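Participant: One-letter residues, chain by chain:
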Amino acid sequence: MMKDMMAGFELFQPADVETALELLDRHGAASWRLAGGYDSLDWLKNRSKQTRAVVDLERIAELRGIRESGGGVEIGALTTLTEIETSQLIRERYGLLADAARKVASPQIRNAGSIGGNLCQDTRCWYYRYGVKCYRAGGNTCYAAAPEAMNREHAIFEASRCVAVTPSDCAPAVVALDAEMVVRSRAGERVIRAADFFMPPSIDIRRMTVLEPEELLVAVRLPAAWAGASFYFEKVADRNVWDFPLVNVAAAFRMDGATVADARIVCGAVQCTPRRMAAAERLVVGRPRTEQVAESAGAASAAGAEPLAFNAYKVSLVENLVRRAVRGAQTSEPA
Amino acid sequence: MSEWPPTEVGGDTRASSTISEDAPWALPMVSAIPAAQPSPSWSRRDFIKGIIASGVTVSGLSYFGSGCSGALPAQTVGGVERLLSLSVNGQLRRVDVLPAETLAMTLRYKLGLTGTKLGCDRAECGACTVLIDGVTHYSCSTLTHRVRDREITTIEGLEGPNGELHPVQQAFVDELSPQCGFCTPGQVMSAVALLRRNPNPTREEAREALAGNLCRCGAYHNYLNGVMRAAQSLGAREA
Chain A
548 MMKDMMAGFE LFQPADVETA LELLDRHGAA SWRLAGGYDS LDWLKNRSKQ TRAVVDLERI
608 AELRGIRESG GGVEIGALTT LTEIETSQLI RERYGLLADA ARKVASPQIR NAGSIGGNLC
668 QDTRCWYYRY GVKCYRAGGN TCYAAAPEAM NREHAIFEAS RCVAVTPSDC APAVVALDAE
728 MVVRSRAGER VIRAADFFMP PSIDIRRMTV LEPEELLVAV RLPAAWAGAS FYFEKVADRN
788 VWDFPLVNVA AAFRMDGATV ADARIVCGAV QCTPRRMAAA ERLVVGRPRT EQVAESAGAA
848 SAAGAEPLAF NAYKVSLVEN LVRRAVRGAQ TSEPA
Chain B
8 MSEWPPTEVG GDTRASSTIS EDAPWALPMV SAIPAAQPSP SWSRRDFIKG IIASGVTVSG
68 LSYFGSGCSG ALPAQTVGGV ERLLSLSVNG QLRRVDVLPA ETLAMTLRYK LGLTGTKLGC
128 DRAECGACTV LIDGVTHYSC STLTHRVRDR EITTIEGLEG PNGELHPVQQ AFVDELSPQC
188 GFCTPGQVMS AVALLRRNPN PTREEAREAL AGNLCRCGAY HNYLNGVMRA AQSLGAREA
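Taken in sequence, the protein lines are chains A and B.
Reading the first sequence from the start, the letters are residues 548 to 882 in our numbering.
Reading the second sequence from the start, the letters are residues 8 to 246 in our numbering.
Simulated from the structure, these hints should not be mistaken for lab results.
Quick caveat, the model's predicted, so the values are computed rather than measured.
Check the hints yourself; a few may be wrong.
[Unchecked claim] If we take Cβ atoms under 8 Å as the criterion, some of the chain B residues that face chain A in the derived model are:
hint : residue
1    : V87
2    : D128
3    : A130
4    : E131
5    : G133
6    : T136
7    : H144
8    : Y145
9    : T149
10   : L150
11   : R153
12   : A216
13   : G219
In this text, a Cβ means the ideal position worked out from N, Cα and C, and glycines have one as well.
Between the sequences and the hints, there should be enough to build the whole structure, so can you do that?
Facilitator: This is how it looks when you write it as structure tokens:
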């Protein structure tokens, strides 16, 4: 067998959402939604996952574009990360998401990769990706939490049998911006808050989002309430390019003069879903962003962490990233 | 079908008519090579490309079928047509493409454009970088069917009308940018896309634009020197 050759599948290239939904409905769990495709094809080449019917969304024009809507901004799910990182509108009003998109993978991957694909991507746990029958793959063990396992990249919070983490850079940003996810199926449309879009393993260990096989994420809505807030994004990874975060932080502060009126601080890659740093947020609201406040917010943010054998470093990483977010001062880098 | 020597090899493999339709993935098997030897003037590269183009082996399709969990799915209404026209380097090329075929496979093994390299085949190295409508993409992880009405530019498409090197290629030669050279076509494509978008990049901008191309020899600084020199020479040519 040629390892890099994908198993055969039927390829569909619908031109509109309705046709795509009909195809997803018809093929159900055997279907595969193809957005940018760079992660999808890895799965299929490695043969860790198989599909009979690939629904390529690339030709659906209504899934693309960044437009103003109801005071906020609506981003089509197939809008590329490059388009988001260079969009004047996003940079001016939601610089947090532009900064996050800019930190994803490599230029070529951002040219193809979409916001929808980035938010819906599967975890990077290498035991799972290797194709072993772990909990997430329908088996009955977790190889990454075994005593001898290599789990430097895995979860420090909220593990439930599975210790995989969310690999997305955009996910913490959309949760910090309190975005809404617009999801459509043949049964109709539903709008889900970003914080509720990601699936914890305690509820369903087999998937990363609440999307059902016949559903499609069609757009991400950024609310007016957080436009132009004070933002901070930072990603720590082993390499500057390509790599997934060891921990990232996305924070939004609505200021009332020198004091923080409202704050949303979210970390990625510390558990299976983007994690709101609720204790840190409570400590910051109503106070100025001083060194002392940053210190106490940082110290409170890793409470309850349960590190595995090789990822205790993430505890201090989370604390320091939250401190730096509260101190702030990082603004959008030039494109 | 094993006509030998193949009528169109090396110099012009543009007509896809020589590519056997029932063996689109024909791979050279030693036992299947005819006794007639190629003339000494042929390069090894021409020889291998000739074997691929002539479709010597019986059926490459078995490579596809063998790994499937079952038979290929039956044709259903609405699936893609396999025969399509690709616009590659300004030419329209007719080619038979499987649904699960990547652009790198089509370019290298069906259109004979072996300048595009396959490194990791996982969108993690950049050797396969091509331009799609002027934007850099990893061709190893792009389905060919996705680009059927787009303009594809490969390293072969940068050649000048009289066979001269593109200014970026010339600058890379002058700066001794490549060492082993395997990543070079991808580095060139990223640099060309950058200079079309931004004719006067800073070194930092060039570094970011080439960040999606690994060089295992570690010749990154030489490549950046090459990009900066190319920007100068392109600027001088315009002036």
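Participant: Hint by hint, note whether the structure agrees.
Facilitator: Comparing the hints with the structure gives:
1. The beta carbon of V87 of chain B comes within 5 Å of a beta carbon in chain A, closer than 8 Å, and the hint placing it at the interface holds.
2. With a cut of 8 Å, the hint placing D128 of chain B at the interface with chain A holds, because the nearest CB-to-CB distance is about 4 Å.
3. A distance limit of 8 Å between C-beta atoms decides the matter here; for A130 of chain B the minimum to chain A is near 4 Å, and the interface restraint holds.
4. With its C-beta approaching chain A no nearer than about 6 Å, E131 of chain B sits inside the 8 Å limit, and its interface hint holds.
5. Given hint, G133 of chain B at the interface with chain A, holds; its Cβ is 7 Å from that chain's nearest Cβ, closer than 8 Å.
6. Hint status for T136 of chain B relative to chain A: holds, with the closest Cβ pair at about 6 Å, below 8 Å.
7. Hint status for H144 of chain B: holds, given a least beta-carbon distance of 6 Å to chain A, under 8 Å.
8. Contact between Y145 of chain B and chain A, as hinted, is supported at the beta carbon level, the nearest pair being about 5 Å apart and thus within 8 Å.
9. About 7 Å separates the beta-carbon of T149 of chain B from the nearest beta-carbon of chain A, less than 8 Å, and the hint is met.
10. Restraint check, L150 of chain B versus chain A: the minimum CB separation of about 6 Å is within 8 Å; hint holds.
11. The restraint placing R153 of chain B at the interface with chain A holds, with a minimum CB-CB distance near 5 Å, inside the 8 Å limit.
12. Restraint check, A216 of chain B versus chain A: the minimum CB separation of about 6 Å is within 8 Å; hint holds.
13. Hint status for G219 of chain B: holds, given a least beta-carbon distance of 3 Å to chain A, under 8 Å.
Violated hints: none; the structure is consistent with every hint.
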